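Novice: Could you put together the complete structure from these sequences and hints?
Listed in order, the protein sequences are those of chains A and B.
Here the first sequence stands for residues 1 to 378, numbered as in our numbering.
Here the second sequence stands for residues 1 to 378, numbered as in our numbering.
It is possible that part of the hints are untrue.
[What the hints assert, rightly or not] 20 Å max Cα-Cα, derived SDA-like pairs, lysine to any residue:
(1) K16(A) <-> N192(A)
(2) K119(A) <-> L347(B)
(3) K167(B) <-> N174(A)
(4) K119(A) <-> G305(B)
(5) K312(B) <-> N114(A)
(6) K346(A) <-> T303(A)
(7) K172(A) <-> K364(B)
(8) K364(A) <-> K116(A)
(9) K172(A) <-> K36(B)
(10) K177(A) <-> P191(B)
(11) K226(B) <-> D171(A)
(12) K357(B) <-> K223(A)
(13) K167(A) <-> D220(B)
(14) K177(A) <-> D220(B)
(15) K364(A) <-> Y95(B)
(16) K167(A) <-> K370(B)
(17) K177(B) <-> L176(A)
(18) K223(A) <-> D171(B)
(19) K357(A) <-> Q126(B)
(20) K167(A) <-> K224(B)
(21) K202(B) <-> K346(B)
(22) K224(B) <-> N170(A)
(23) K314(B) <-> E311(A)
(24) K302(B) <-> K226(B)
(25) K223(A) <-> Y203(A)
(26) K357(A) <-> M277(B)
(27) K100(B) <-> K116(A)
(28) K80(B) <-> A308(A)
(29) K80(A) <-> A308(B)
(30) K177(B) <-> N192(A)
(31) K67(A) <-> Q47(A)
(32) K119(B) <-> E311(A)
(33) K116(A) <-> G305(B)
(34) K314(A) <-> T162(B)
(35) K372(A) <-> D220(A)
(36) K119(B) <-> A308(A)
(37) K357(A) <-> K370(A)
(38) K116(A) <-> K357(B)
In case anyone wonders, no lab produced these hints; they're calculated from the structure.
Predicted model, so just to flag it, every value in this text is computed and none were measured.
2 protein chains.
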Amino acid sequence: MPAANKKKVSKIETEKPKEIAKRIRSMSEDIVKQIKKNTDPTFITKQRGRGNVEFDEKKGIIELGEKETTRSFLNIAHTKKFLQTMLVTAKAYDYLNQNKTASIREIYYELKHNIKGTKENTFDGQHESDSCLVDLEHAVDTIREKLNVHANPKGTLYGDITLMDRKHNNDKFNCLKLGRGGWSIMSRMEPNEIEIKQVNAKYVLVIETSAMYERLIEEDFAKKNKAILIGVGGQAARGARRLIHRLHTEKNLPVFAFTDGDPYGWYIYSVIKQGSMALAAHSTFLACPDAQYIGMTMEDIKTYGLEAVTEKMKPGDIKRAKEMMQYEWFQNKPWQEELKNAIHQKLRIEQQALANKSLEFVAKEYLPKKIKNKEFLP
Amino acid sequence: MPAANKKKVSKIETEKPKEIAKRIRSMSEDIVKQIKKNTDPTFITKQRGRGNVEFDEKKGIIELGEKETTRSFLNIAHTKKFLQTMLVTAKAYDYLNQNKTASIREIYYELKHNIKGTKENTFDGQHESDSCLVDLEHAVDTIREKLNVHANPKGTLYGDITLMDRKHNNDKFNCLKLGRGGWSIMSRMEPNEIEIKQVNAKYVLVIETSAMYERLIEEDFAKKNKAILIGVGGQAARGARRLIHRLHTEKNLPVFAFTDGDPYGWYIYSVIKQGSMALAAHSTFLACPDAQYIGMTMEDIKTYGLEAVTEKMKPGDIKRAKEMMQYEWFQNKPWQEELKNAIHQKLRIEQQALANKSLEFVAKEYLPKKIKNKEFLP
Numbered sequence: 001m002p003a004a005n006k007k008k009v010s011k012i013e014t015e016k017p018k019e020i021a022k023r024i025r026s027m028s029e030d031i032v033k034q035i036k037k038n039t040d041p042t043f044i045t046k047q048r049g050r051g052n053v054e055f056d057e058k059k060g061i062i063e064l065g066e067k068e069t070t071r072s073f074l075n076i077a078h079t080k081k082f083l084q085t086m087l088v089t090a091k092a093y094d095y096l097n098q099n100k101t102a103s104i105r106e107i108y109y110e111l112k113h114n115i116k117g118t119k120e121n122t123f124d125g126q127h128e129s130d131s132c133l134v135d136l137e138h139a140v141d142t143i144r145e146k147l148n149v150h151a152n153p154k155g156t157l158y159g160d161i162t163l164m165d166r167k168h169n170n171d172k173f174n175c176l177k178l179g180r181g182g183w184s185i186m187s188r189m190e191p192n193e194i195e196i197k198q199v200n201a202k203y204v205l206v207i208e209t210s211a212m213y214e215r216l217i218e219e220d221f222a223k224k225n226k227a228i229l230i231g232v233g234g235q236a237a238r239g240a241r242r243l244i245h246r247l248h249t250e251k252n253l254p255v256f257a258f259t260d261g262d263p264y265g266w267y268i269y270s271v272i273k274q275g276s277m278a279l280a281a282h283s284t285f286l287a288c289p290d291a292q293y294i295g296m297t298m299e300d301i302k303t304y305g306l307e308a309v310t311e312k313m314k315p316g317d318i319k320r321a322k323e324m325m326q327y328e329w330f331q332n333k334p335w336q337e338e339l340k341n342a343i344h345q346k347l348r349i350e351q352q353a354l355a356n357k358s359l360e361f362v363a364k365e366y367l368p369k370k371i372k373n374k375e376f377l378p
Numbered sequence: 001m002p003a004a005n006k007k008k009v010s011k012i013e014t015e016k017p018k019e020i021a022k023r024i025r026s027m028s029e030d031i032v033k034q035i036k037k038n039t040d041p042t043f044i045t046k047q048r049g050r051g052n053v054e055f056d057e058k059k060g061i062i063e064l065g066e067k068e069t070t071r072s073f074l075n076i077a078h079t080k081k082f083l084q085t086m087l088v089t090a091k092a093y094d095y096l097n098q099n100k101t102a103s104i105r106e107i108y109y110e111l112k113h114n115i116k117g118t119k120e121n122t123f124d125g126q127h128e129s130d131s132c133l134v135d136l137e138h139a140v141d142t143i144r145e146k147l148n149v150h151a152n153p154k155g156t157l158y159g160d161i162t163l164m165d166r167k168h169n170n171d172k173f174n175c176l177k178l179g180r181g182g183w184s185i186m187s188r189m190e191p192n193e194i195e196i197k198q199v200n201a202k203y204v205l206v207i208e209t210s211a212m213y214e215r216l217i218e219e220d221f222a223k224k225n226k227a228i229l230i231g232v233g234g235q236a237a238r239g240a241r242r243l244i245h246r247l248h249t250e251k252n253l254p255v256f257a258f259t260d261g262d263p264y265g266w267y268i269y270s271v272i273k274q275g276s277m278a279l280a281a282h283s284t285f286l287a288c289p290d291a292q293y294i295g296m297t298m299e300d301i302k303t304y305g306l307e308a309v310t311e312k313m314k315p316g317d318i319k320r321a322k323e324m325m326q327y328e329w330f331q332n333k334p335w336q337e338e339l340k341n342a343i344h345q346k347l348r349i350e351q352q353a354l355a356n357k358s359l360e361f362v363a364k365e366y367l368p369k370k371i372k373n374k375e376f377l378p
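Specialist: Here it is as structure tokens:
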């Protein structure tokens, strides 16, 4: 593929651990200086929450705005949080220098202890350390994976793609040659650790359920259609989202999402495509604004005569679908019609309902036809 | 390893698909004969539910008793179920002959349709087809995996073990050479499909959380300790249980379970070891009665000074722990004391709490020491 064709890779993605450690050090030295000058120590991070989240229509992603906020030690409402953030900061700095990585649950447990001479704990729940970590990410302008911190792994990879783990004996393996199980996607999928050596595929198919992922492997779909299959097993974990993002930006592969036709499935798609409000600052590294939705759709029910295998939407589903109709990123005709249609009929349709036609129908007819005719929702 | 050392492998495990198909055919021909004779068609399956579940103390597994039950077509309470079971039976027979496999959700969707000329559906929910499948398993004395039907896949495998997928180009791969992700365990781990070619390990470590599985890989625990790591990600799926069972019976490897010290974690262990009440008929193929519990324990809290990182048990946890104290398979002194102790202190302790000592503590000290000193709960 010509280099000119490649999508822009963000600077933050290629930054070395040393450079980030340097920024942490400089921020911390500033704080020490302030203390020595007997002034109130402060640091600057970004405002979070809906007030500072915006949908960038041009880029097609949810982003954090420019609003900043100052955390100060002498503001009584901030004191504990300030202390906590310093603990998290020191720990992340250690991880970077020691070349260690930790999960967000581990960083919480590593730092939780009684403050000497008091009955006070440093942290009373993981939500506290998680929130400090987000402050730190913004303060030093990076993502947690670059701070050697990560969430839980989830998701599986199958297809003609060769990865190399630079931190594990430079292991090289092709994910079409691991039997029918595939590779278990790690929580951290950063380019300096996991290199995509080679891909022989036309597109990436992201699949909601593990059972559908297995079905497509059993039908030899990946090989016959030159597809990379990623089973996300519900809402996609960060590692899986990074991998999808990287396959799209580094290898220029189109991404198609295949989920249940219901609010949960639509939301999985929406997070893969535009990012999420909670992680608005990281959409540039995680989102895939060119992704397209292949199904399930309300039209599929008619087209393929699936009336007998739909499920009723529960009141909660309908409420959620109505909410989603209001989201900026669903403000286009095809999605407005899709959601209105589902709400009106009170119907949802699962991907496995296609088994009603035959087990191989999804692999032999449904997906190839949709891809050939470009029958996607935007 | 000398062959004499190998555990007994059940006959059902090695049975060929043809033989099972033959039994299905013979059962079905019986039913046709009965219909032709104008007698009420019936078939025999096993009684389920607590009334026919027993704990075999000698074998150390939960088993289904000998009580049988007859399903008859002309019993109005059985008619629909009889019809449903025939549909499932015919489908399983097709799968076996066509060499196809399906998930339990797919079999439900494949068979769901309106009964011509009525407003009646063949199935109104997956629980109905699931229940028929269990009837069929018992009627022809096999397990669903042998009927080419399976639940969802879940779980990951890491370590010096080479598998071969006989149904996928005879792919051979070593699970120590797949970077730090490991292999994604399939839903069906039957010997005629996935062969364990070679294992170079001293034991199998079953790990509750994916994050702890990742931690141990990061610490190079498998290589340094010659361990096979299986991350089950909560309650173990059938595929993972079959693999654990097979590593124990075929390769004679000891199995150690490493879970959170709370009712959910204890139950994960108990299902791996003794089997479950819901799948009592299948304990012979799934359970691992020699498995031992390595932690977390209430004693760990004292021994390692983890008081600051325990969590409070919720009322539901305490209720569950009290129930578990009554289970026959927890009627031994060490477990009674463990449960009593937890209930008394109202405490639970997570595996990741060990990070409070240091990230590498679990790999360098906690696990090796317990294994060396055989500090297990039975």
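Novice: Are the hints correct? Go through all of them and say.
Specialist: Checked hints:
1. K16(A) <-> N192(A): Holds - the C-alpha atoms of N192(A) and K16(A) are around 8 Å apart, at most 20 Å.
2. K119(A) <-> L347(B): holds, 18 Å
3. K167(B) <-> N174(A): This hinted pair holds, its Cα atoms lying about 18 Å apart.
4. K119(A) <-> G305(B): Holds - the C-alpha atoms of G305(B) and K119(A) are around 17 Å apart, at most 20 Å.
5. K312(B) <-> N114(A): holds, 16 Å
6. K346(A) <-> T303(A): Holds, at about 18 Å.
7. K172(A) <-> K364(B): violated, 28 Å
8. K364(A) <-> K116(A): violated, 66 Å
9. K172(A) <-> K36(B): violated, 62 Å
10. K177(A) <-> P191(B): The given pair, whose Cα atoms are some 19 Å apart, holds under the 20 Å limit.
11. K226(B) <-> D171(A): Measuring from Cα to Cα gives roughly 19 Å; hence the hint holds.
12. K357(B) <-> K223(A): Violated. K357(B) to K223(A) sits at ~47 Å, over the 20 Å cutoff.
13. K167(A) <-> D220(B): The given pair, whose Cα atoms are some 11 Å apart, holds under the 20 Å limit.
14. K177(A) <-> D220(B): violated, 24 Å
15. K364(A) <-> Y95(B): Judged against 20 Å, a Cα distance of about 18 Å means the pair holds.
16. K167(A) <-> K370(B): Violated, at about 29 Å.
17. K177(B) <-> L176(A): Within the cut-off at roughly 15 Å; holds.
18. K223(A) <-> D171(B): OK: K223(A) and D171(B) at ~15 Å, within 20 Å.
19. K357(A) <-> Q126(B): holds, 17 Å
20. K167(A) <-> K224(B): holds, 16 Å
21. K202(B) <-> K346(B): Answer violated: K202(B) to K346(B) is near 36 Å, above 20 Å.
22. K224(B) <-> N170(A): holds, 18 Å
23. K314(B) <-> E311(A): Answer violated: K314(B) to E311(A) is near 35 Å, above 20 Å.
24. K302(B) <-> K226(B): Roughly 29 Å between the alpha carbons, so the hint for K302(B) and K226(B) is violated.
25. K223(A) <-> Y203(A): This hinted pair holds, its Cα atoms lying about 12 Å apart.
26. K357(A) <-> M277(B): violated, 35 Å
27. K100(B) <-> K116(A): violated, 64 Å
28. K80(B) <-> A308(A): Given pair K80(B), A308(A) holds - Cα atoms ~18 Å apart, limit 20 Å.
29. K80(A) <-> A308(B): holds, 18 Å
30. K177(B) <-> N192(A): The hint holds at about 18 Å.
31. K67(A) <-> Q47(A): holds, 6 Å
32. K119(B) <-> E311(A): Answer holds: K119(B) to E311(A) is near 16 Å, not above 20 Å.
33. K116(A) <-> G305(B): Holds, at about 15 Å.
34. K314(A) <-> T162(B): Violated, at roughly 46 Å.
35. K372(A) <-> D220(A): Given pair K372(A), D220(A) holds - Cα atoms ~18 Å apart, limit 20 Å.
36. K119(B) <-> A308(A): The hint holds at about 11 Å.
37. K357(A) <-> K370(A): Holds, at roughly 16 Å.
38. K116(A) <-> K357(B): Distance ~17 Å between K116(A) and K357(B) Cα, so the pair holds.
Hints 7, 8, 9, 12, 14, 16, 21, 23, 24, 26, 27 and 34 from the earlier list are contradicted by this structure; the remaining hints agree with it.
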